[in-house]
Amino acid sequence: MVQSTNKDSLVSKEKVSPTESLAVYTHHLFETLNLKAQEFNKNSIVSPTLHYTYLNSSRSLSPRGLRDRFSRSLSIESLLEMYTKNSLKTRDPNIQFTYAQVLIRSYVTLDINSIEDLKTTKVYLQEAEEALKRSSRGGCIEAQYLLGDLYSVGLFGKPDLQSSLFFFEIAGKSKHAESAYRAALCYKNGWGCFPDSRKVIRYFEIAALNNHPIAMMELGRYCFHGLMGMPDDNSTKRLGISWLKRATEVASDLSCSSPYELGLIFLNGFKDIVIKDTAYAIKLFFKAANLGHSKSASLLGRIYETGEIVEFNPELSIHFYNMAAELGDPEGMMGLSSWYFVGSQNLDQDEDEAFAWAFKAAELGSIKGMRSLARYYERGVGCTPNRKKCAFWNEKAKACEVSLE
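Counting from 1 along the sequence shown, just add 3 to a position and that's the residue number in our numbering.
Please keep in mind that the hints were generated in silico from the structure rather than gathered at the bench.
Among the hints, a few may not be true.
[Said to hold, decoys possible] Quick list of simulated restraints, FRET-style, between CB atoms:
(1) K391 <-> N214: 42 to 48 Å
(2) N214 <-> N97: 20 to 26 Å
(3) R390 <-> S166: 44 to 50 Å
(4) N349 <-> K248: 32 to 38 Å
(5) R140 <-> T239: 47 to 53 Å
(6) Q129 <-> V405: 50 to 56 Å
(7) E398 <-> K279: 39 to 45 Å
(8) I278 <-> K136: 50 to 56 Å
(9) Q129 <-> H228: 19 to 25 Å
Glycine is no exception: its CB is placed at the ideal position from the N, C-alpha and C atoms.
Could you put together the complete structure from these sequences and hints?
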């Protein structure tokens, strides 16, 4: 069912106190650090896939793992004191790493009600940083990754991308997949270094060989399309297809582009390396769309709308355009706008909806949306005719076209 959108809505635009439950502390830590990650992602400071892998994969920090090791009635202060004593008695990198995690948890969950509390949190972070460095020097790969991760988001102060890259490289060379992937992103975007395509490929290869799905996809794209200095020969293209196939097999919502990239290759075929296979391509687009890939959904909407590759099917076209629009894709929004403008057997014609979706697409920078909006204002489709606004959107579309030349 198509989600309704009205133009009016488009135009107008406890503290958590520490408890005695370690599971509550852990849950709050997950939420808080993930919020920090999202905040820095918006500013393009760190990897788009920043998700604190060490938290999600570490049994010692999961609620079940904590319940297995400690009594539910053990307070965070007692836990911290216990780890402090143990950390002073041993140089074991795993104990140092766990001690650092406890300190970070204490920092995240502590209520700051006074200057003294503020000083305490600073001490926690300083000690956590030192414990992680001791653990890193002892060869703990997870500590090396965590240091790189926390330096990238500035948990110990301002973001330190050079230090972040340093620790990602150390862990990456030890075949830590996420660290190698993050090191590749640093060299690709020039985060804490000068861009270096050779190192991008090197670290993506390490990550891909250790089953990192996004690294497999990126490496596949670079090999097939001859990007990042990769040779443009048939052997390299075959290698690219192989990596894209591996990435597609393990694709998730975080790597939903993999089936799409592979589908585009099979949709058109390539020399004698890839035989054109439309049915397989559409199957791949279905997989990508169901994983949340908006471009695949838009493409399927267009495929079923035109009927050039498969049989014309308005219902499926509307379904996939709606899916893409809900995922924020301007092409999907314009597809819905067109269907609302003409209507179909199972979708009533609705000029208000046609205008609303075109407006939303135009607001997102779609030149097609801007042109459609100008025509709607000119003819009064879903709105009151307005020559001034018609001229405004035409000029804006023209300016966008010029900037793309």
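These are the hints, each one checked on the structure:
Taking 42 to 48 Å as the suggested C-beta distance range, the pair K391 and N214 does not conform, at roughly 57 Å. For N214 and N97, the Cβ-Cβ distance of about 24 Å falls inside the hinted range of 20 to 26 Å, so the restraint holds. The hint said 44 to 50 Å for the Cβ distance between R390 and S166, and at roughly 58 Å that hint is violated. At roughly 37 Å, the beta carbons of N349 and K248 sit within the given window of 32 to 38 Å.
For R140 paired with T239, a C-beta distance near 39 Å fails the hint of 47 to 53 Å. One distance hint, 50 to 56 Å for the beta-carbon pair Q129 and V405, holds here, with the actual separation near 53 Å. At roughly 42 Å, the beta carbons of E398 and K279 sit within the given window of 39 to 45 Å. Look at I278 against K136: about 54 Å separates their beta carbons, and that is inside 50 to 56 Å.
Between Q129 and H228 the C-beta distance comes to about 46 Å, which lies outside the given range of 19 to 25 Å.
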